[in-house]
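Based on the hints, put chain G in the right spot on chain W.
Sequence lines, in order, name chains W and G. Just so you know, we're using this note's numbering here: the first sequence kicks off at 1 and counts up by one. Just so you know, we're using this note's numbering here: the second sequence kicks off at 1 and counts up by one.
By construction, these hints were calculated from the structure, which means they are not laboratory data. Careful, some of the hints might be misleading.
[As the list claims (entries may be wrong)] Cross-link-like lysine to any residue pairs, in silico, SDA-like; alpha carbons within 20 Å at most:
(1) W:608 - G:103
(2) G:103 - W:73
(3) W:608 - G:91
(4) G:107 - W:704
(5) G:107 - W:595
(6) W:608 - G:92
(7) G:107 - W:593
(8) G:103 - W:594
(9) W:723 - W:704
(10) G:103 - W:142
(11) G:103 - W:592
(12) W:608 - G:89
(13) W:608 - G:90
[Said to hold, decoys possible] Now the in silico label distances, taken between C-beta atoms and shown as ranges:
(14) G:199 - W:366: 50 to 58 Å
(15) G:178 - W:387: 48 to 56 Å
(16) G:178 - W:208: 55 to 63 Å
(17) W:420 - G:60: 37 to 45 Å
(18) W:289 - G:65: 50 to 58 Å
(19) W:608 - G:65: 28 to 36 Å
(20) W:216 - G:62: 42 to 50 Å
(21) G:60 - W:477: 32 to 40 Å
(22) G:14 - W:477: 27 to 35 Å
(23) G:65 - W:109: 40 to 48 Å
(24) W:490 - G:65: 26 to 34 Å
A quick note: this is a predicted structure, and the numbers were derived from the prediction, not measured. By construction, the Cβ of each residue, glycine as well, lies at the ideal position given by its N, Cα and C atoms.
Each chain is listed here by its residues.
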Amino acid sequence: MKTMNTEVKKIEPTLELESQPDPRGLGALIALVEEAECPLPLQEVRVRANIVGDCCRTVIEQHFRNNLHKVLEAAHIFPLPENGALIEMHLEAGEVSVKAECLEREEAQEIFEKAQQEGYRAGLLTQERADVHTLRVTNLPPQSDVLVKMVILEQLDTVDGRLRWRFPTTIAPRYLPGEPTGHEGPGVIPDSDHVPDASRLQPPLRLEGGTSLDLEVTIAGPVKELESSLHTIHINLGQEDQDGIRVAPSGKATLNRDFILAFSTADEKKAGARAYTDGAHTMVFVEPPSLEIPETLPRDAVFIIDRSGSMRGPKMEAAKLALKSALHGLHEVDRFKLIAFSSDTQIFSEQWVDYSQSTLDRADVWIDQIQAQGGTEMLPAVKQALTSDQKQGRVATVLLITDGQVWNESELIASVGHRRGEFLFFTMGIGTAVSASLLERMAKVGGGTCELLTPSDDIEAFVARFEARFGTPIAEKVEVLGNSVADDRKRTLFTGRPESWIMEGAPKVVEVVGRSAEGDLKFEVEPVEIEFPLGSLWARARVAALEDRMTLNPHEEEGLRPEILRIALEYGIASRFTAFVAVENSLKVTGESVEIVQPVELPQDWDKSFLGRTGSEQVRGMTLGRSLPKYILASTEMAIPQTVMTPKEHIRKRKHLEVLSKPTTPSRLPKSTVDGELARRQGADGSYGGEIDRTAAALIALVLMGHTRRKGIRRRTLIKAAKWLEGVGEEPLAKVALEILKRSEAGQKPEEFIVEYDSVIDDLIRAGEEGRKLKSVLKSI
Amino acid sequence: MSEDLGFYKNDEFTIGELVITAKAILEDVAYRSVDGRVAAIPDARTVRYYQTVGILAKPLRYEGRSAIYGYYHLLQLLAIKLLQAQGLSLAQIQKVMIQLSRKDLEKQLNIMTSEQDQRLSTSSKKKEQDQGKPTFFMGKLEEKVLDICEEPIKDWVPIYKKPTDPIGRELIAVEIRTGISVMINPAKVKNANAVMERIRRILQKNLGDLE
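This is chain W alone, in the form it adopts within the complex:
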């Protein structure tokens, strides 16, 4: 252990409560409140992220201050990006800086406790879950500061052509299933028979104020477009001769929602494989080809929607809209089931329901009545979905729509993982502080994808993009050949979602094989050399894969635990079995001490009744508000919709940067777009009310918005509408509509040739709601 050899000083608490005159009884207590300075130890979190290609290095600084007149020990339970490898920690107090050691968890704990008793300042960082960490700093003298610096490396995900960087800031109140068994940890919920370490996971809820977040992301290389879905951002394009840009929240931000950045770079990623190596490790990506949706097998689709209390407000409405959109995307040959869960499970129908106009109408009514209230008993709902009977020649899919706020991660992952191969399990996480680790892992073991969205996103467009993946894999059993691949599970490849592997060594050529509908898939690729160190990313991916294996096969723990520990120690990364510890022994403190567990903020889009005291309903340790009158709901603060502030002159200088800008006024409910609404209004048979003019009007409106049967997010809607129109026979309106569609698909611009059809269009704009939609689209072009 590195220590500083400065002279040991003794610091006594300068002032104690005893010494204060106290004429008003509780006066001393009240005086504490009135003091300007907040007694909560965490003052600020500073984040500096550096994105290079697909990788990111992030430095996180947590600044703790002891504002009390006693010695302080602070504990902070906080989230970090779930795929990040935590590789470094430093404890800094004034001029003194101590680098932490990565040791086996028990050993680190012992060193920390010894320092704690001896009166030395020390820091201990443990990992409780892939995304939940605990930092303890002890023996902070009165009125002093300490800074804990952490470094993480991670690989970014790509979704629909855009890289996504997500930085979580708070741990939302998650539901604890099971019966209490004890309470060992510093958290506010007990351990339970379903979650034996729950008492280490849930930080107290902060009732007022927030810790400020000073965050800045630097992206190297030319950026084409950029979007932040939960923060208004400020962009600094830097020097003329530099390619990097810097992005930061433009106002004062606190730790109350994720920071999400989605961007695309100028270098187009072609379908196929690419690989990078640092000389010791190699990273391989497979970019799926963007295929036309093939005519697939009929689907059996189970939809599970979370209606627990934590979903209340904009999240629930967004989830219902997403569910309806996904349901309407099915075809007439498909069958479906709907499950809603909170404290109990509610089903639309015991048996499979054939997709038809009447069942769709009934399902819509059923979805409309869903209200958010009660606990999060997710496991019974997932189990129920997975026990549905299987049929040859049909594709079985499950889609789970939730905010993921539940603690029994292992049980859920095991229940999905054990049915792998029978179902494709997809997850859709909604919210500003989604429990992403759970949903990513469930999708990973379930062979599907995890989609994350926020209530202020364009839900229908999001679901339309997702539909290209839902139940229609491009290739299966995709793997990188070689012995030392960190996560060697075979993958399923979906449109818009590249897969990545990381392996030891630097082979001349990497081979990727798999199976697609057209036959065997094979790529050979030569790795390109890069400077970003890949070792800890390899170790993190390996540990994650072994942890999943341990979750699925608990009897293997004895063999897997030492293996995880060995890798984590060798590469010096945080894991369930390793911890970082730093002791600073230039200073010894004595005197009365107090321990504070830092309360954390409720995520921004949560119903504020969670903070209320009366009328709150307790569900096994977690508070859930009762349904409240409408006016309270309306006053719930919405997530700020994405807006991007860019100095215009900079944009002119940098033409390659296209910034997505969205309305500045917060919308109370999820947005609905014209094309989204048309997709949702479509009948099960592909028509609109079984009427030729309405269907033709809808089809032409979609074509005018740039959609065809091959491109755009409304492919399914158009395929279905065109098919119906083709089936009505020699009807002039149908013929015109199909002709417009075909000309557009042949590459002609509809806004240029549409004038040729003026006389027909004049009739069509009077055809019901679809006609009105067509009229509004015509106006806008």
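Leaving out everything else, chain G in the frame of chain W:
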């Protein structure tokens, strides 16, 4: 109050008992307030909510599925309620409570009690004058203490026709078992509710094999 709190120094409570005990102590406070209105009573739900916001410590341990609480929790619960009565919001209380040790709490609650005893020794006329002033047991208390327990606590059965002493002063009466009641005259016994709660606990423990 300090002496009475001392009673509980080595006691352990289930969540229900913790609530009943706090209720008894707080009722004494209210009993001495000007119009005898019942003070803030926390219920079990509220107690759990206090835990989720970190102002009530984790239980001492679990016995089966039941959490067991102790003296420190009782002090915390009383302090929360008394601070609320002072007009503090729960958010303000969070900032105070989070940094208090058991020693701090004990001391603060003692100071509060002695202040209350002084007040009791003053004349009734003085009491009327004090009404409306923002001191702890008067005026503000009546306005600020709002969360009166909606549901009566089940294992403490009140007697519906209230008994009185010969000059018409109301007595506290509690039915310990069917047909067995205990009465206390609050005009003659200090901290009558807390005393009653002690008696009830002792009797119920020892009457176990009576039937």
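| Violating hint indices (sorted, rising) | Checked against the structure, the hints that fail are numbers 1, 4, 16, 21, 22, 23 and 24, while the rest are satisfied.
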